[in-house]
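Enquirer: First to last, the sequence lines map onto chains A and B. The first sequence begins at 2 in our numbering and counts up one residue at a time. The second sequence begins at 2 in our numbering and counts up one residue at a time.
These are calculated hints, taken from the structure and not from any lab test. Certain hints may be false.
Identical copies carry no separate label here, and so any pair may be met within one copy or between two of them.
[Stated by the list, open to error] The list that follows gives simulated cross-link-like pairs (lysine-lysine, DSS-like), each with its CA atoms no further than 30 Å apart: (1) Lys-112 / Lys-262; (2) Lys-55 / Lys-262; (3) Lys-74 / Lys-262; (4) Lys-316 / Lys-245; (5) Lys-245 / Lys-74; (6) Lys-245 / Lys-112; (7) Lys-262 / Lys-316; (8) Lys-74 / Lys-231; (9) Lys-316 / Lys-112; (10) Lys-112 / Lys-337; (11) Lys-245 / Lys-55; (12) Lys-172 / Lys-316; (13) Lys-316 / Lys-231; (14) Lys-204 / Lys-262; (15) Lys-112 / Lys-172; (16) Lys-316 / Lys-74; (17) Lys-112 / Lys-204; (18) Lys-112 / Lys-74; (19) Lys-172 / Lys-74; (20) Lys-337 / Lys-316.
There are 2 protein chains.
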Amino acid sequence: MTEQAPDTTGLFSRIQAIATQVESTMRDDLTRALRGNDALLIEVLEYALLSGGKRIRPVLAVICSSLCGRNDKDVYLLATAFEYLHTATLIHDDVIDHAEQRRNRASVQGKYGVAAAILSGDWLHARSMHLIGSLAGQQGLDIFCGATTAMVDGEFLQLRHVADTTVTEEKYLAVILRKTACLISSTCEIGALFGGGTLEQQKALATYGMKIGIAFQIVDDLLDYQGDTKSTGKRIGNDFVEGKLTLPLIHALNNAGHEDKTTLLNCIRGDRTLDDACVTAKRLMEALHSFTFAHTQATRAITEGLTSLACFDRKTQQEHLSVLEGLAGYVLTRQK
Amino acid sequence: MTEQAPDTTGLFSRIQAIATQVESTMRDDLTRALRGNDALLIEVLEYALLSGGKRIRPVLAVICSSLCGRNDKDVYLLATAFEYLHTATLIHDDVIDHAEQRRNRASVQGKYGVAAAILSGDWLHARSMHLIGSLAGQQGLDIFCGATTAMVDGEFLQLRHVADTTVTEEKYLAVILRKTACLISSTCEIGALFGGGTLEQQKALATYGMKIGIAFQIVDDLLDYQGDTKSTGKRIGNDFVEGKLTLPLIHALNNAGHEDKTTLLNCIRGDRTLDDACVTAKRLMEALHSFTFAHTQATRAITEGLTSLACFDRKTQQEHLSVLEGLAGYVLTRQK
Numbered sequence: 002m003t004e005q006a007p008d009t010t011g012l013f014s015r016i017q018a019i020a021t022q023v024e025s026t027m028r029d030d031l032t033r034a035l036r037g038n039d040a041l042l043i044e045v046l047e048y049a050l051l052s053g054g055k056r057i058r059p060v061l062a063v064i065c066s067s068l069c070g071r072n073d074k075d076v077y078l079l080a081t082a083f084e085y086l087h088t089a090t091l092i093h094d095d096v097i098d099h100a101e102q103r104r105n106r107a108s109v110q111g112k113y114g115v116a117a118a119i120l121s122g123d124w125l126h127a128r129s130m131h132l133i134g135s136l137a138g139q140q141g142l143d144i145f146c147g148a149t150t151a152m153v154d155g156e157f158l159q160l161r162h163v164a165d166t167t168v169t170e171e172k173y174l175a176v177i178l179r180k181t182a183c184l185i186s187s188t189c190e191i192g193a194l195f196g197g198g199t200l201e202q203q204k205a206l207a208t209y210g211m212k213i214g215i216a217f218q219i220v221d222d223l224l225d226y227q228g229d230t231k232s233t234g235k236r237i238g239n240d241f242v243e244g245k246l247t248l249p250l251i252h253a254l255n256n257a258g259h260e261d262k263t264t265l266l267n268c269i270r271g272d273r274t275l276d277d278a279c280v281t282a283k284r285l286m287e288a289l290h291s292f293t294f295a296h297t298q299a300t301r302a303i304t305e306g307l308t309s310l311a312c313f314d315r316k317t318q319q320e321h322l323s324v325l326e327g328l329a330g331y332v333l334t335r336q337k
Numbered sequence: 002m003t004e005q006a007p008d009t010t011g012l013f014s015r016i017q018a019i020a021t022q023v024e025s026t027m028r029d030d031l032t033r034a035l036r037g038n039d040a041l042l043i044e045v046l047e048y049a050l051l052s053g054g055k056r057i058r059p060v061l062a063v064i065c066s067s068l069c070g071r072n073d074k075d076v077y078l079l080a081t082a083f084e085y086l087h088t089a090t091l092i093h094d095d096v097i098d099h100a101e102q103r104r105n106r107a108s109v110q111g112k113y114g115v116a117a118a119i120l121s122g123d124w125l126h127a128r129s130m131h132l133i134g135s136l137a138g139q140q141g142l143d144i145f146c147g148a149t150t151a152m153v154d155g156e157f158l159q160l161r162h163v164a165d166t167t168v169t170e171e172k173y174l175a176v177i178l179r180k181t182a183c184l185i186s187s188t189c190e191i192g193a194l195f196g197g198g199t200l201e202q203q204k205a206l207a208t209y210g211m212k213i214g215i216a217f218q219i220v221d222d223l224l225d226y227q228g229d230t231k232s233t234g235k236r237i238g239n240d241f242v243e244g245k246l247t248l249p250l251i252h253a254l255n256n257a258g259h260e261d262k263t264t265l266l267n268c269i270r271g272d273r274t275l276d277d278a279c280v281t282a283k284r285l286m287e288a289l290h291s292f293t294f295a296h297t298q299a300t301r302a303i304t305e306g307l308t309s310l311a312c313f314d315r316k317t318q319q320e321h322l323s324v325l326e327g328l329a330g331y332v333l334t335r336q337k
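Can you build the whole structure from these sequences, using the hints too?
Expert: Right, dumping it as structure tokens:
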């Protein structure tokens with residue numbers, strides 16, 4: 002998948018068209034839901050939502066529903082619910098992390114303060130659950146709320162492991178499964194449910210979402226070390242500074258010789274200045290092929306995700322399947 | 002209502018019995034929902050939920066459902082959803098207000114930090130919506146999510162009016178309607194819906210909830226000036242210090258002569274030390290009968306709420322009606 006240049010002709014414009022349609026539906030929904038509401042609440046929500054997000058989740062919802070046979074106007078409204086929930090988590094995360102920046106501009110809390118950030122996140126939570134309950138019924142709400150509570154559990158698990166140098170690859174996977182992959186999986190599964198897919202199709206798309214969610218987070222954690230600040234809008238080595246041990250560092254700790262391991266532990270424990278510690282740790286991870294290892298794990302997850310799509314008929318569903326394949330490729334190769 | 006000593010024989014023990022049953026159901030639900038979750042998440046949620054809250058909202062849900070004909074085991078599960086949402090708002094409010102104390106002990110953010118507070122609030126949000134969607138269906142979820150988004154709108158409206166000395170009684174009412182009354186109203190309305198009440202009964206109980214919600218917040222704001230710190234667990238004059246203009250102060254500003262008004266404005270604008278300003282403002286509000294005015298407004302709301310119960314048959318429903326009347330009386334006379 003990563004080795005071949007994917008056929009992006011038409012693919013990008015198709016994804017872009019869906020994203021544009023989702024944004025337009027989102028604007029309509031905000032107008033309807035916020036009629037008569039406080040002007041600042043409206044401003045904050047528009048600032049948070051209409052800021053050039055990647056829209057991966059709503060695009061997945063639309064494609065999974067379409068793949069199962071439904072592509073009407075309402076699927077775009079269903080899709081906005083996933084962007085609402087995702088945005089709510091980003092806004093609340095930035096409060097937790099005291100992050101003043103997001104996507105190369107001020108975060109909601111940076112621009113409007115903690116009160117506005119917490120409250121607008123709560124608004125998005127409620128609106129997203131309202132939409133899912135309305136459009137995907139009880140079963141959809143079960144999956145959606147389950148993914149939301151799992152996300153919180155994943156964040157707590159991550160807090161538990163901060164600066165824990167004995168954390169294993171399995172524990173890391175348990176965190177990212179809950180923190181990231183469950184919601185992406187629920188997006189695909191609810192899309193399939195809404196689209197009238199069979200149980201087999203729902204499960205296949207849930208698996209696809211889970212696997213690309215895992216890959217997405219591994220790559221996110223790789224970009225934290227290897228990304229370009231201008232593209233990602235994030236400081237390099239942020240996770241390292243915050244004591245979050247992600248896959249490359251866990252791999253390096255497990256595979257380093259005695260001397261290198263001691264050096265790594267000293268870096269993590271803060272015996273050096275932060276910048277120096279991060280540069281040294283990064284050099285050791287490169288020498289131990291830890292970045293390559295993490296990328297291979299992401300690639301494996303993507304392959305497993307794509308394998309789960311085998312139950313769909315390639316002849317009749319090529320158009321939708323190619324978007325899911327293209328998105329999977331994008332998850333691996335993205336630079337931001 | 003306030004003048005007569007209410008017949009509390011049996012009433013308190015009945016409310017207590019419902020609250021106990023709700024707590025037991027809540028513990029079961031937490032055990033079920035949190036199986037396999039992070040130990041700290043479980044600890045935080047138990048700390049927040051099992052801390053001697055007044056349980057007014059779940060008791061209202063149970064009574065309103067019972068009044069409409071349904072009093073099975075599930076109504077207690079429905080009732081916990083309202084306590085979950087209420088607790089989520091308290092936890093998030095304490096982050097916004099940097100409040101280290103709640104109910105005479107450390108707040109969640111005071112004890113566990115901002116991350117745990119924001120995340121556990123989000124967990125409670127999701128779980129409450131899940132329960133409402135499961136038990137009260139689409140219509141229940143519509144009302145519940147509408148009340149939640151209205152609450153956020155009310156908080157934004159309140160932020161807008163901070164230190165605004167031109168705020169009117171109408172604007173104050175608009176804030177407390179959204180911030181407090183809508184959720185209490187939704188509790189009663191969803192209880193009635195779940196209980197199989199007629200549309201007239203649902204609307205009557207929604208009105209009852211709205212009116213006692215208004216009274217509840219007016220009394221809450223009165224207790225901020227007149228309460229006993231030991232009972233309320235809150236510092237006296239907290240709203241004043243934060244620049245929140247509540248009903249007594251708004252009344253005083255509207256009814257003071259030129260000299261007194263200037264004194265009040267100076268107090269609000271911080272020309273004196275805070276303690277001195279608060280004591281002076283309180284003395285002027287007393288002289289202008291502003292506390293009495295606010296209490297009269299709360300009493301009027303309670304009377305209107307009780308009037309709306311006329312559509313229920315007093316002969317057959319005396320037991321449940323007396324609890325609603327008793328709770329209304331409690332809202333006016335409570336000291337914490």
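Enquirer: Does each hint hold? Answer for all of them.
Expert: Hints and how they fare:
no., hint, result
1, Lys-112 / Lys-262, "neither (41 Å within a copy, 35 Å between copies)"
2, Lys-55 / Lys-262, "neither (37 Å within a copy, 54 Å between copies)"
3, Lys-74 / Lys-262, "neither (56 Å within a copy, 57 Å between copies)"
4, Lys-316 / Lys-245, "neither (45 Å within a copy, 65 Å between copies)"
5, Lys-245 / Lys-74, "neither (41 Å within a copy, 44 Å between copies)"
6, Lys-245 / Lys-112, "both (26 Å within a copy, 22 Å between copies)"
7, Lys-262 / Lys-316, "neither (52 Å within a copy, 79 Å between copies)"
8, Lys-74 / Lys-231, "neither (36 Å within a copy, 57 Å between copies)"
9, Lys-316 / Lys-112, "neither (50 Å within a copy, 58 Å between copies)"
10, Lys-112 / Lys-337, "within (22 Å within a copy, 36 Å between copies)"
11, Lys-245 / Lys-55, "within (24 Å within a copy, 40 Å between copies)"
12, Lys-172 / Lys-316, "neither (40 Å within a copy, 62 Å between copies)"
13, Lys-316 / Lys-231, "neither (41 Å within a copy, 73 Å between copies)"
14, Lys-204 / Lys-262, "neither (42 Å within a copy, 68 Å between copies)"
15, Lys-112 / Lys-172, "between (35 Å within a copy, 26 Å between copies)"
16, Lys-316 / Lys-74, "within (25 Å within a copy, 52 Å between copies)"
17, Lys-112 / Lys-204, "neither (41 Å within a copy, 41 Å between copies)"
18, Lys-112 / Lys-74, "neither (34 Å within a copy, 47 Å between copies)"
19, Lys-172 / Lys-74, "neither (41 Å within a copy, 38 Å between copies)"
20, Lys-337 / Lys-316, "neither (33 Å within a copy, 69 Å between copies)"
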